[in-house]
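Given the structure of chain A, go ahead and fit chains B and C onto it with the hints provided.
First to last, the sequence lines map onto chains A, B and C. First residue of the first sequence? That's 1 in the working numbering, and the numbers climb one at a time after it. First residue of the second sequence? That's 1 in the working numbering, and the numbers climb one at a time after it. First residue of the third sequence? That's 1 in the working numbering, and the numbers climb one at a time after it.
For the record, the hints were derived by calculation from the structure and aren't laboratory data. Treat the hints loosely; a few may be bogus.
[As the list claims (entries may be wrong)] When the alpha-carbon atoms are kept at most 35 Å apart in a straight line, the in silico DSBU-like pairs for lysine-lysine are as follows:
(1) C/56 to C/83
(2) A/178 to B/207
(3) A/215 to A/151
(4) A/215 to C/76
(5) B/71 to A/151
(6) A/76 to A/56
(7) B/207 to C/199
(8) B/71 to A/109
(9) A/71 to A/109
(10) A/96 to B/71
(11) A/96 to B/207
(12) A/215 to C/83
(13) A/109 to A/132
(14) C/71 to C/83
(15) A/219 to C/56
(16) A/219 to A/178
(17) A/109 to A/219
(18) C/199 to A/178
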Amino acid sequence: MGRLDGKVAFVTAAGGAIAGATARLFGAEGAAVCCVDIVEDNVGQTASDINEAGGKAIAIPCDVTDDDAIKAAVDKTVSEFGKLDVCFNAAAYSEKRHRLAEMPLDMWKSVIDVNLTGMFIVARHVIPEMQKAGGGSIINVSSIYGVVGAKERPAYCAAKGGVRMLSKSIAVDYAEDKIRANSIMPGPIETPRLLVRNPSIEAVIERHGTRLHQKRLGKPEEIAQTALFLASDESSFTSGADMVVDAAYTAF
Amino acid sequence: MGMLDGKAAFVTAAGGGIAGAIARRFGAEGAAVCCVDVVEETVAKTAADIEAAGGKAISKICNVADEEAVKKTVDDAASELGLLNVVVNAAATSEPLHTVANMPLEVWQDVLDVNLTGMFLVAKHAIPHMQAAGGGQFINISSTFGHIAWPQRPAYMATKGAVRQLSKSIALDFAEDNIRANSILPGAIETNRLLSRTPTMEQVREKMVPLHPIGRLGQPEDIANAAAFLASDESSFMTGSDVFVDGGFTAV
Amino acid sequence: MGRLEEKVAFVTAAGGAIAGATARQFGEEGAAVACVDIVEENVKETAADIEAAGGKAIAITCDVTDEAAVKDAIDKTASTFGKLDIVFNAAAFPDPLLPLHELDLDIWRKTFDVNITGMFIVTKHAIPHMLEAGSGSFINISSIYGARSARKRPAYCSSKGAVRMLSKSIAVDYAEHNIRANSILPGPIETPRLLVANKNMDDVIERHRPHLPAARLGQPEEIAQTAVFLASDESSFMSGNDCFVDGAYNAL
Chain A
1 MGRLDGKVAF
11 VTAAGGAIAG
21 ATARLFGAEG
31 AAVCCVDIVE
41 DNVGQTASDI
51 NEAGGKAIAI
61 PCDVTDDDAI
71 KAAVDKTVSE
81 FGKLDVCFNA
91 AAYSEKRHRL
101 AEMPLDMWKS
111 VIDVNLTGMF
121 IVARHVIPEM
131 QKAGGGSIIN
141 VSSIYGVVGA
151 KERPAYCAAK
161 GGVRMLSKSI
171 AVDYAEDKIR
181 ANSIMPGPIE
191 TPRLLVRNPS
201 IEAVIERHGT
211 RLHQKRLGKP
221 EEIAQTALFL
231 ASDESSFTSG
241 ADMVVDAAYT
251 AF
Chain B
1 MGMLDGKAAF
11 VTAAGGGIAG
21 AIARRFGAEG
31 AAVCCVDVVE
41 ETVAKTAADI
51 EAAGGKAISK
61 ICNVADEEAV
71 KKTVDDAASE
81 LGLLNVVVNA
91 AATSEPLHTV
101 ANMPLEVWQD
111 VLDVNLTGMF
121 LVAKHAIPHM
131 QAAGGGQFIN
141 ISSTFGHIAW
151 PQRPAYMATK
161 GAVRQLSKSI
171 ALDFAEDNIR
181 ANSILPGAIE
191 TNRLLSRTPT
201 MEQVREKMVP
211 LHPIGRLGQP
221 EDIANAAAFL
231 ASDESSFMTG
241 SDVFVDGGFT
251 AV
Chain C
1 MGRLEEKVAF
11 VTAAGGAIAG
21 ATARQFGEEG
31 AAVACVDIVE
41 ENVKETAADI
51 EAAGGKAIAI
61 TCDVTDEAAV
71 KDAIDKTAST
81 FGKLDIVFNA
91 AAFPDPLLPL
101 HELDLDIWRK
111 TFDVNITGMF
121 IVTKHAIPHM
131 LEAGSGSFIN
141 ISSIYGARSA
151 RKRPAYCSSK
161 GAVRMLSKSI
171 AVDYAEHNIR
181 ANSILPGPIE
191 TPRLLVANKN
201 MDDVIERHRP
211 HLPAARLGQP
221 EEIAQTAVFL
231 ASDESSFMSG
241 NDCFVDGAYN
251 AL
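Chain A extracted, bound-state conformation:
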């Protein structure tokens, strides 16, 4: 008996580490999962992992900033699995570090497009399906940098602050439709993406210094577990909340 039996989930960035772990956990807990990512190979891998483990999944390569493509992906999910009642919104673009004055406008726009407008686009197409299903749960991945500032990441910080309030807006407007919306604010999580700009995970831990109290990074599975709680009916009175999953990084 899984904690998401009977549910259908739409997971963006499902080819990545965090959303991939989440999609696999959702599948293991009984949900049918539509895995969405812009990179076809990765998302196909996540979906086949779920299917091999005995779950139900489909993969759809899709860009979250493409309104028509997202609508088509949502429609396909519903035609495949009959409904849609969980949405895990994780697609994010991590830009090169710049202080604001050196950041090209195009870079700013692409970060806002993917990290904020992408979530809006996904939400506007899943909400009508959730209304038809009689309710739903939207889980938007913000960041601790939606709560506190990060050095040389003006666009990322702005977008993640925007995500946090977007969740609350959905929570307030769709409470009557029994649609819940919450944000997860992960602290530093151990993903391959970190190694793009850092020589090693140890270097990342070193860089974060004293706020990383346990001297370790979070694991994608720890975000996935939080998402599972928010997707399930166990969190039925939780909406508009900021789930900070950071081992007290921002409490300090």
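Coordinates of chains B and C only, in the frame set by chain A:
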């Protein structure tokens, strides 16, 4: 002897109620003020008020979402005033009410462009002038709806949440340049803008005053007082702060 | 296989609605539970319920403000069940509704004694056992009034704000020992206590309606489910968080 003697301020939306009051107060406190707006008449009126009161002001027409125009306006303001070390970012659209599901993408984009990207652009081109001046202050107008939600304003709230994080990002990244950045989160302020959705101020009061423990709507001068403090050296240890000027709205 | 298999929990106010539901849920998920309350009858009933359902429980009558009694209760828990790894801190004083200048110092002190000093005492004596066990999780019940204010409840609101910071303090200080601490901020929950100041539950909903997008009261079981998540290893990277479980109350 004014509290802003020797400062030169760039104030967007200076033809409007809140930023107009800020510009006039800055002028009265000894700052030279560049009043900026998309509407020529109102911004010229603000500048004329400042001059009539014995202050120094110029006015400029500029759409803050247009990068070229912003750069030219900021550069011209700095050369005409001799320096530029204070920016008040107040431009915001007054979008129609929508939920996420029924808001057209164009409306969402428009709100983001003006409320958020416009702020980024002004900041981007003002920072070099502040560095040349040896420091400066940003006063970014967020909203109580950047902290708590309100029905049917998803884009507005997303941007106002984003504004807070943008201020923090600037605060962190330019602290070494002696540049400070703070957000003001106003409650309901008695301006004509409130009449865009409610026919009379009496009806606005009926609806909004009970939500403000202080028992009245805010006046533009209440925000101008906070802005003058944040622009002055009296607030020299304040940066990255969320300054709520909301009559207790978010405390209840 | 329960989600709290092999764990030992200490639950204060376990004779009450919220902590009672939590204790029963902990028992169902496999934890051995020490049920603690100042009212002997109620706490015995909770423990009996757990045992009747096939779980393991003991009942301890104890005033959380009595340090010697608390130490005994905790030591007894550890000696009975072999260790201690979860503490659910829920004891709170039923404060009278009074504005600050009409509130007797005695009542102020009593409220703080139970709501926050009691939590300190329980925590203080639980930590050595958690250090010995190599890990632990504190779940401290704050309130939405630890984030927003309520009329005529100065002591309650202050103490619940204090709870949040106490949790964060524990989170930061003991992170390196793998001890986590989080606050739950419940919205209005349907418990008999609400009927002290209200005629019936409909009145409560009506009174809260402007701030309660979910348009219903929460159930004690919904807080209990959140507590299970925070008690389990599923939340292993979560510490110092404010978990709002409030039907989007705090989002509006």
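Each hint, compared with the structure:
1. Taking the CA atoms of residue 56 of chain C and residue 83 of chain C, the gap is about 14 Å. The hint holds against a cut of 35 Å.
2. For the suggested pair residue 178 of chain A and residue 207 of chain B, the alpha carbons sit about 26 Å apart, so the restraint of at most 35 Å is met.
3. For the hint linking residue 215 of chain A to residue 151 of chain A, the alpha-carbon distance of about 20 Å falls within 35 Å, and the restraint holds.
4. At roughly 34 Å between alpha-carbon atoms, residue 215 of chain A and residue 76 of chain C fall within 35 Å of each other, so this suggested pair holds.
5. About 24 Å separates the Cα atoms of residue 71 of chain B and residue 151 of chain A, which keeps this hinted pair within 35 Å; it holds.
6. Restraint check for residue 76 of chain A and residue 56 of chain A: the C-alpha separation of about 14 Å stays at or below 35 Å, so the hint holds.
7. Our distance criterion of 35 Å between C-alpha atoms is met by residue 207 of chain B and residue 199 of chain C, whose separation comes to about 27 Å.
8. Between residue 71 of chain B and residue 109 of chain A the alpha-carbon distance is near 17 Å, which keeps this suggested pair within the 35 Å criterion.
9. A hinted pair counts as satisfied when its Cα atoms are at most 35 Å apart, and residue 71 of chain A with residue 109 of chain A qualifies at roughly 22 Å.
10. Distance restraint check for residue 96 of chain A and residue 71 of chain B: the Cα-Cα separation of roughly 23 Å lies within the 35 Å cut-off, and the hinted pair is therefore satisfied.
11. Restraint check for residue 96 of chain A and residue 207 of chain B: not satisfied, since their Cα atoms lie roughly 46 Å apart, outside the 35 Å limit.
12. About 26 Å separates the Cα atoms of residue 215 of chain A and residue 83 of chain C, which keeps this hinted pair within 35 Å; it holds.
13. A hinted pair counts as satisfied when its Cα atoms are at most 35 Å apart, and residue 109 of chain A with residue 132 of chain A qualifies at roughly 34 Å.
14. Only pairs whose Cα atoms come within 35 Å are accepted, and residue 71 of chain C paired with residue 83 of chain C is accepted, the gap being roughly 14 Å.
15. Restraint check for residue 219 of chain A and residue 56 of chain C: satisfied, since their Cα atoms lie roughly 33 Å apart, inside the 35 Å limit.
16. Our distance criterion of 35 Å between C-alpha atoms is met by residue 219 of chain A and residue 178 of chain A, whose separation comes to about 31 Å.
17. Our distance criterion of 35 Å between C-alpha atoms is met by residue 109 of chain A and residue 219 of chain A, whose separation comes to about 30 Å.
18. Distance check on the hinted pair: residue 199 of chain C and residue 178 of chain A sit about 27 Å apart at the alpha-carbon level, within 35 Å; holds.
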